[in-house]
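**Q** Sequence:
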Amino acid sequence: MARRQTRSDDWGFPRWRGYGSERGATKVRMCDRDGCDRPGDRPAPKSPNSPERWWFCEEHAAEYNRNWDYFQGLSAEEAAKRERDERRTSAGYADSSYNSWGGPGDGSRSRDEIRALEVLELDADAGFEDAKAAWRRLAKANHPDVKPGDDAAAERFRKVQAAWDVLRTAEERRQGVS
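The sequence shown begins at 1 in UniProt numbering and counts up one residue at a time.
These are computed hints drawn from the structure, not numbers from a lab.
Only pairs whose alpha carbons sit at most 27 Å apart, straight line, appear in this in silico DSSO-like list of lysine-lysine:
1) K132 x K147
2) K132 x K159
3) K46 x K81
4) K159 x K147
5) K140 x K159
6) K27 x K46
The task is simple: from the sequences and hints, build the whole structure.
**A** Pasting the structure below:
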């Protein structure tokens, strides 16, 4: 029984030999294309729904993929039926709508801005000038000097002012004004 070497021959000094000199020869898979002597490090299926793979170099893998036809040997009706069946059975793997934008607007506004636009009775994609006009209209209609003693109007006025502050600050931030 051969005894395994426990100590290296470099006596603890770092890098007396080149990198990787301790290793033996590495096994390299060659391209499966006849006549090609490059490494085959890119897998490609041998046939549809088959676990077996060809191993090609980059150039031959690209050529194989360009010529690949998943529906080869099927009629147009059979190909359409298989495509429908596979789309139906793979629907569970689609991105969840939880990860996509599902709220109002185009996603460029924050949640606070959307709420502010709702307070001003505007759509989520309303422009800044529309918001300014709505703010003036609602502020004049609910101002405590116009409706003295009306607590509901005073509360609406505070909400309108807070909404305007949110939208004005966001617009200044977009314009780069500090």
